[in-house]
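Model the placement of chain A on the given structure of chain P, informed by the hints.
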Amino acid sequence: MGPPPSAGPNSILCSGQDTSVGSNRTPGSSGNPVTYVSSSSSSAPSVRYIPYDRLASGPDGQPCITTGYFAEGTQPNDSTALDPVTQNVADIHGLAPLEYPPCPPQSQAAGQPGPVETPSMIARRYWEQVALPQPKPVIAPGRAITGKLAYLETRGQLAETYRNNTVFGQLTIQATGSYVVAWGDGETRGPYSFEGVPWPNGRITHAYSRIGAYNIVVTQSWTATWSLGGETGVLRTLQTTGRIDNFPVEQIQAVIGR
Amino acid sequence: MICIALVAERRTAISAVLAVVVLAASAACSSGGPDRSTVGANPTVATEPPTTTTTNPYAVPAVIDVAYVNRVLAGLDAAMGDVTRLILRTRTIPREAYDRMRAIYDNDERLQLAIDSFQSDMRRNFAGYRPDPGDKKTTVTELLTVTRPCVFVRVTRDYTAVGQNSSSADTQWIALRRLDTSRDPHGFNKTQWAFSYEGYTDTRSQPSDPCVS
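Quick note, the sequences are listed as chains P and A, same order.
Each residue of the first sequence is one higher than the last, beginning at 1 in the numbering used here.
Each residue of the second sequence is one higher than the last, beginning at 1001 in the numbering used here.
With the rest of the complex left out, here is chain A:
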């Protein structure tokens, strides 16, 4: 349902863009009306139809910067949002939710933490959740360690789209590692990165760097 809605929104957006382009084109034609000589001097030449090139937004750039990590984190937030909505809708943890989570987390310890958190919330009858939760929003505040296989960052997390009365600026730490594709045979995780750490220590301080250990 969520994916369909997104596609529908995207189509609407594309339609809107096309409409703007057509309007702009017609405006350009009308504004050029008085000087017809210039039209003859620059006749329209048939050209190749424009080709659409799709670039992978998650392809690892030469320099991994804040913008790139934020893009990856947004993808992971959306992936986790899909899991949350699936669990809320089915009122259980179906196999698909398990598979999706396994694709989001780099190791089974982190996966288990997420499962336990969901089961804890289920026992509370999803108290505090919005009826139709969105995605949490993670924003990098500092790049701590950046290598091509591992990124360790400090972030703030905004849960207001997911829960009622939730924190809008929760400081946490996240380590990402390149996704082991054997954990995602269905291709759920498009970012090609996975959480190897997310959270904070019990004193809410910075944990030891997972990219170093």
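Chain P on its own, in the form it takes in the complex:
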């Protein structure tokens, strides 16, 4: 095992101490990174380091997510007891997720240990690579009539499981999707956590009020959780889209014949 992560940062309320902060080093290059002995003495108490999603400034100046660690019990104001395997602080405190891509792998510096990898980072990078299902929207019979409901068929998938073998074991990602439909006339509806199906059972419908050719965009947002090596986490939301361009909306006029 390598050295323990450095002490965590101060609060922004009293920020200032010029310490190395919020380490993104793993306590060890393999195995469970959560428990770690902080002292050279074998009788010293062990210190548990809790992994968290650390927002970092990437090499290109863009924000990205890496894995940071903080020592359990170093934050006296936080009386919440954590189970690092099943809970994270963000869930407990109702924090919104950090919607950033993973940081690129760190290259190995001369004389230094190998690049740092954690289950979280492996899961995040894999999530960015998976080919998510795309909706292929259709509205039968290929046109709509003003004042009448158009039934949108999403023709996608609402859930998918991805698996991949990694150095920490098998990575499992459970992904769930929901649809938002921009009907092209300024109206956007959703999210729908069910598939759009044809008349008469479809529930993703819209009535146009004016004739025209509309560009309909179906955006599917994918949320996901990962589990790997005894750790779990939430992944950032990704999106896929499907379109119907120039969808014709017509009008029926009554004609009186003689």
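FYI, nobody ran anything at the bench for these hints, they're computed from the structure.
Quick reminder that beta carbons are idealized off the backbone N, C-alpha and C, glycines included.
Honestly, I wouldn't trust all of these hints.
[What the hints assert, rightly or not] Residues on chain P that point at chain A, a partial pick, calculated with CB under 10 Å:
hint : residue
1    : Ser11
2    : Ile12
3    : Ile50
4    : Leu55
5    : Ala56
6    : Ser57
7    : Gly61
8    : Pro63
9    : Gly68
10   : Phe70
11   : Gly94
12   : Leu95
13   : Ala96
14   : Pro97
15   : Leu98
16   : Tyr100
This is chain A only, laid out in the frame that chain P set:
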């Protein structure tokens, strides 16, 4: 919301100033009432409408003094206050907060320190924060190094507007460098200066001068 409130306050202030000016003008007219001859002797002459010149309060003066550095620090405190309020409101660090912080800090090491501090506070569920925090107040106590590209000062920082039971006179050191505009493509930082150092050593002593190294 904060900006809107500030604008609203400013408009109110402007209205108040105008009201005072009008009252003063009317008072002047009434007080001059008895001696009408003087009015005829000094007829009102049409003049050009007054022009408003806006001066950049952060333009670097010929001599950088305490007042100027305090003005810049107040601008940076306000910019950081906006970041704090944005993070508190959204309960995350949104992209805008990241971009604003990147514009406040001269280098990624300092930026990372600020991000880590916020993430630490988030893990504590923002314990100790006021529900609607204001800006911390930084006041120069000594100019240590002053050059046009770099300023190093000792300051006191008052956190009482930000946190409950916070320090009102925390001695720290700050180094400012001219803002690299590539770090602020959105123009968030109006001061044109950025922190290249803020804080203190682990012994709470003065750090080595960042303007020299």
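Going down the list of hints, with the structure as the test:
{"no.": "1", "hint": "Ser11", "in the structure": "holds, 5 Å"}
{"no.": "2", "hint": "Ile12", "in the structure": "holds, 4 Å"}
{"no.": "3", "hint": "Ile50", "in the structure": "holds, 9 Å"}
{"no.": "4", "hint": "Leu55", "in the structure": "holds, 5 Å"}
{"no.": "5", "hint": "Ala56", "in the structure": "holds, 6 Å"}
{"no.": "6", "hint": "Ser57", "in the structure": "holds, 4 Å"}
{"no.": "7", "hint": "Gly61", "in the structure": "holds, 7 Å"}
{"no.": "8", "hint": "Pro63", "in the structure": "holds, 5 Å"}
{"no.": "9", "hint": "Gly68", "in the structure": "holds, 8 Å"}
{"no.": "10", "hint": "Phe70", "in the structure": "holds, 7 Å"}
{"no.": "11", "hint": "Gly94", "in the structure": "holds, 7 Å"}
{"no.": "12", "hint": "Leu95", "in the structure": "holds, 5 Å"}
{"no.": "13", "hint": "Ala96", "in the structure": "holds, 4 Å"}
{"no.": "14", "hint": "Pro97", "in the structure": "holds, 7 Å"}
{"no.": "15", "hint": "Leu98", "in the structure": "holds, 6 Å"}
{"no.": "16", "hint": "Tyr100", "in the structure": "holds, 8 Å"}
When each numbered hint is compared with the structure, no violation occurs for any of them.
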